[in-house]
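**Student:** One-letter residues, chain by chain:
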Amino acid sequence: MTNQPTPTSDSIKIERNFVRFTLGQRWEHVVLLLSFLVLLLTGLPQKYFTQWGYRILTTPESVLLVRQIHHIAAIVLILEVLYHLVLGILLLVRRKLSAEIFPTWQDVRDAWQMVKYLLFLTRKKPAYGKYNFEQKFTYWFLFIAIGIMVVTGLILWFPIVWTRFFPGGTVPAAHLTHSNEAIVATIFVIIWHFYHVHLERLNLSIFTGKLNERDMQKYHALEYQRLTGEKVNDNEQSRGEGGKQ
Amino acid sequence: MAKHSTNPGVLLRRSALLAWVGFVLVCGLLALPTRRALAQTSTPAPGNSDYCLTCHGDPNMAPLTLPNGDSVPMYVSGDTVHNSIHGQLDMQCQSCHTNIQSYPHSPISFNSHRELSRSYYQLCERCHSTNYDKTLDSMHATAAAEGKLEAPICTDCHGAHDVQKPNQPRAHISEICGQCHKDIYDQYKNSVHGSALIQENNPDVPVCTDCHGVHNIHDPRTDLFRVQTPELCAGCHSNQQLMDKYNIKANVYDLYKTSWHGVDVSVYKARWPTIWHNSAVCTDCHGVHDIRKTTDSASHVNPANMLATCQKCHAGAGPNWIAAWTGHNEISLQATPYLFYTKVFYEDFAYGVLWLSLIYVVLQIIHATIARIKRSA
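Chains as they are written, first to last, in my numbering: chain W, 1 to 245; chain L, 1 to 377.
No lab work stands behind these hints: they were computed from the structure.
Please read all numbers here as calculations on a predicted model, not as lab measurements.
Using N, Cα and C, we set each Cβ at its ideal position, and we do this for glycine too.
Partial pick of chain L residues on the chain W-facing surface, computed with a CB cut under 8 Å: (1) VAL267; (2) ARG271; (3) GLY316; (4) TRP321; (5) ILE322; (6) LYS343; (7) ALA350; (8) HIS367.
From the derived model, a few chain W residues whose C-beta atoms are all more than 12 Å from chain L: (9) VAL19; (10) HIS29; (11) VAL38; (12) LEU41; (13) ALA73; (14) VAL86; (15) GLY88; (16) LEU154; (17) ILE206; (18) GLY209; (19) LYS210; (20) GLU213; (21) GLN225; (22) GLY229.
Whenever a hint applies, use it, and build me the whole structure from the sequences.
**Tutor:** In structure tokens:
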């Protein structure tokens, strides 16, 4: 998986980068990000129409326009979700994609260890594989959230078709869910995802596809070890936040 | 004698007596013709209603034929006039028939009976100017301006010689409207409101004018009227005291406002009241003049008829669709289980997860800050 040779000279520091995401995965993230943003921006004024949305949607035509944009972005997101699911399942079945994204008991243990670390009960940070439990939590939280948004959104879009097969009471419930879940997902992205990829450290690997050697050692020690066969110095791990400088 | 006659005291007494007798005689003489006249006259003073009724109170009086062939009855019952609200206030014929001062009358130039009525009714304004001005703002006046002379004028609803308080009994108000709006009145009289009014003289149910206005009755088919309908109904149906009396929920309007229909309508009312919107208002589901109890099998919102009512707007909806309307119910396990569990999920579970996430991130920030302080120290 390494795409750079090991350093051969002391005068030239050659930084090793590790492929973390494929081009397809990086594009998926861009599509997801943009459709999420458009859906949020067109959805919020509808949700808060009576509070402040009416200031933006000043005519009935603008409401219809915003709804159309919302629907188009929703189609983009649904296609992305379908692509993601079909490709993911195909690659998993053909053993061309590692199943590391799936949660394990190790994640629970890591989380517990991390909480203890944050409370200064231990100086040892857990060593992570390709995805740490924070990243898995991001993925699965949004996986479920998007699933809920897609299903409830389709119910609201085609309620008459839906109620041919399902109870009518699910329609107002879908309305409430769609409305709540949007806010929950947005708050989650802001407090959890943004903190971890922007504030804790700037992690642009989902756009560049690569992660440098130091970050790999520091944040994905087990993955680094698996890829290089080199064991990461325990000090690197136990130094915790100090290793940033 | 001389002694007597020259007594000044006696003289004074005698002349006072004479003056008194004379006064009484003069008074009696003066009073005599008046009393005789009162007792004997059959022709009261011109200007008094009874003066007019000497001719017009005769049932055999020939009607007046106008140029277009209309026959205008000239007989007016004295009892009717005297018992009318104006009669009781001692108003005379001339108060309204201002152009007739004496007999013979000055000629009139009306071509038809309607023309005559439309001319005379304008005199109502002299006393009832506020209500008269309101009528000019009504759709009846608009219809008249368009040349529909049958559009009602004051006297069509209130009567002319027989004018009475219109709400004695209250059901009379709706009967008056029913004179022209017969189809609507027939629907109304069988509705929950109309039947209570007519059969029980219920003081709470609306008569026509409670919803449509009294003198300034506007066109109820406009976008504005439609969008204001929920508030109109809420005028009574949000009144807790009144609704308790009939064991009806008083929060129907508040719950409606949170529904899909209600949000749409409130937005249109606030922002675009003159743009038509199809989202249902009260009357779209419950009916307009034919509103019945939901338990009544003829009610549009009776479970048996509900689907057809929904399908008026939601073409192709199946039987499950009915339950998509929460039926003016608050979220509860019994009435709206799906909504109830959704609410529980978000209010307890989802927000719990968000709080945990936030706490974790805050711990990370605290830890990173302390680590940095330690390092620089």
